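**Q** Two chains, each in its own frame: build the complex with the hints.
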Amino acid sequence: MVLAQDLKDDSGRLLVAEGTSLSEALISRLEQTGAALVYVQGDGGRETEEALDDKVYGKEFEQIEARIDSKFRRFAGNEVMIHISKCAKRFLKLKIKKEIK
Amino acid sequence: MNQEEIKSFIKEIGDLPTLPTLYLSLRDKLYDPRSSANDLARILSSDQSICSNILRIANSSFYGLSGRIVTIPHAIVVIGFNGIHHIVLSMTAARMFTEESSCSGFSLITFWEHSLAVATIAKIIGKKLSGISQEEIFTAGLLHDIGKVIIFKYLPEKFREVIVSVKKDKVLIRQAEENLFGFDHTEFGTVLLREWKFPEMLLATTAFHHNPVLAKEYFKSASVVHLADILARSLEIGSGGDEMIPDLSEEAWSALGLELETIDEIIDEVTPELEKSRVFTDLIQ
Chain A
1 MVLAQDLKDD
11 SGRLLVAEGT
21 SLSEALISRL
31 EQTGAALVYV
41 QGDGGRETEE
51 ALDDKVYGKE
61 FEQIEARIDS
71 KFRRFAGNEV
81 MIHISKCAKR
91 FLKLKIKKEI
101 K
Chain B
1 MNQEEIKSFI
11 KEIGDLPTLP
21 TLYLSLRDKL
31 YDPRSSANDL
41 ARILSSDQSI
51 CSNILRIANS
61 SFYGLSGRIV
71 TIPHAIVVIG
81 FNGIHHIVLS
91 MTAARMFTEE
101 SSCSGFSLIT
111 FWEHSLAVAT
121 IAKIIGKKLS
131 GISQEEIFTA
141 GLLHDIGKVI
151 IFKYLPEKFR
161 EVIVSVKKDK
171 VLIRQAEENL
181 FGFDHTEFGT
191 VLLREWKFPE
201 MLLATTAFHH
211 NPVLAKEYFK
221 SASVVHLADI
231 LARSLEIGSG
241 GDEMIPDLSE
251 EAWSALGLEL
261 ETIDEIIDEV
271 TPELEKSRVF
281 TDLIQ
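Keeping their order, the protein sequence lines are chains A and B. In terms of our numbering, the first sequence opens at residue 1 and continues consecutively. In terms of our numbering, the second sequence opens at residue 1 and continues consecutively.
If we strip away everything but chain B, and leave its shape as in the complex, we get (with noise of 0.2 Å):
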């Protein structure tokens, strides 16, 4: 099935959901050249939620600036236009899948859990790389698997069949959706960040984290997400609907460059880091 059909199809059962106003007036303004942080400022204001959230996040060990940040355009010269971007962008997704799950097998909880793992791990390792910001791919890492709760949402009874399949045939959650559906979550992801028109770094790793090869030019970014999602399952970190490890694609870990004592060394940052990003889960749900 390709992205247009998908499309159609997701229409036949209602709209997908439409980004929120502030976000939309904040990326025009983050994509103009002309933009100062005060005109930034002046369309966050008009959300004192993103506002104290920004703040909150700004001041958290996450950024390592406790207490120092207390002004919104201060906050924006200090993380800087790309990493507010991520922040309002990660925080906008995220909130608009958060009610609680009431799918036997399946919890909303768990499943940001994961996603917070998986994009606080995939930050760790793009610090060990050339070219990787540390924001979009942690953005990239909290959205890969959001096609997963497009499902949830929009098939509810059909992504029940998913979650039995999974456990009583022992297969990965896309190999449930493929037998399914004929596509699976990244294909759903996919079609709404396109929707949405989100970066396209973050459309290509939400599409080929689980097979980074496809990603071309993003094939780094893809394989930082891909390696991140082993390692979040392999350390049982919240749960993205299946318990099992997918393969790890050769070229992915070639390309990476990485030693086999480096994964000790991601490891032990794992549960440091994983505590700094506690804030956005505290803020998603």
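One chain only, chain A, in its complex shape (with noise of 0.2 Å):
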């Protein structure tokens, strides 16, 4: 994953140059500057901090998309049930994401 624009603090100066590879080690250390949204290179699109998350919480998102999916998959064909699916998800990540950081 290829750094698709400059990354810049809130003062303008630069912190990581367009083109960059992002390892792991960048990452977390983004992660820590408290970087919400960077761009990466991607196949023809832009990867957003939906991709960073994945990356770096990649196997607790998997868990979690797993035993909604498991709890949920009885209301196949029910709108709101879908959508609160899709929400508790939503929550769920977002408190990992804290208890981990």
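No lab work stands behind these hints: they were computed from the structure.
With beta-carbon atoms standing in for the labels, derived distance ranges:
no., chain 1, residue 1, chain 2, residue 2, range
1, A, 73, B, 38, 56 to 66 Å
2, A, 73, B, 104, 24 to 34 Å
3, A, 65, B, 51, 46 to 56 Å
4, B, 95, A, 83, 32 to 42 Å
Derived lysine-lysine pairs resembling PhoX-like cross-links, with alpha carbons at most 25 Å apart:
no., chain 1, residue 1, chain 2, residue 2
5, B, 276, A, 93
6, B, 167, A, 89
7, A, 71, A, 59
8, B, 276, A, 98
9, B, 128, A, 89
10, A, 86, B, 170
11, A, 55, A, 97
The structure displayed is predicted, hence computed values, not measured ones. Using N, Cα and C, we set each Cβ at its ideal position, and we do this for glycine too.
**A** Below, the structure is given as structure tokens:
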């Protein structure tokens, strides 16, 4: 994963230059700086914070996805319950991010 | 099994727990239209623990009156008779069932966490609707599953079988109760709350939070608790003894008239509102 734009702090100082390869260590450091959004080069698209989160919290997020999908499996086709399941996943992912930090 | 049969069934094992005289005296005064804040304060002042708890709740972020309430008469005037009634009522009922469980797979700590989450979410939903008292719906959420702790207290061996069945058969706790006893915790809880002469609304939300359409005139309140229970389970806050998500009543969802996007708004409020409600957990446990 390669940074698609220069990443600068609030005062405009360059933190990471465009084209830099994002290693696990660098992603962790970016997390610590509180960077809310970075753009990375993808297959013709832009990956956002979600992609970064998936990279860092991938294992925990997969467990949440699997657990909630299993609990809501019997509600397939129920628009309200599907929406609740999406909200629950978002809530639990945010919670796990806060706990890990 | 009807209510009388359940009642006699409980009495065979032991008498139902009785409410403290302080609460009964307070309730008499609350229902007397001639009562003043000082009359209520005189009754409450006989129990310093209740007084300090009321002041703690009044000054917590739950009411947003931080540090401004220093006397019980002041708390009564600011929170109101109804608010005081529901604080004392929920504290009294909840504190009668707090001893730690020895039943594997069921913990009273996570049970009250779940109940507090349902209470908090019910309050958030209630704010978005007309005609819902926030104090009442909070208490309804807090006590909606009280029947489970009564089964736990009166039929501990049977309750263990329920928990084993929940895990083994992957069923909701009420389905396991129905299979083993022929009735479930909603019926048990309603018998107790009726015996305690709690408000009809609380009886209805306890009895019908799984099937709100049967709650008749309290259909809307029961629907709020029903949705709050589903959301608390979905967000995995605490545990009422099983991890499954019950069916959402289509009638209840329609009656509440909420948009799908409102669920996002409700869930966004859960964490900060739950933080405000923590004062109740501290006092219960």
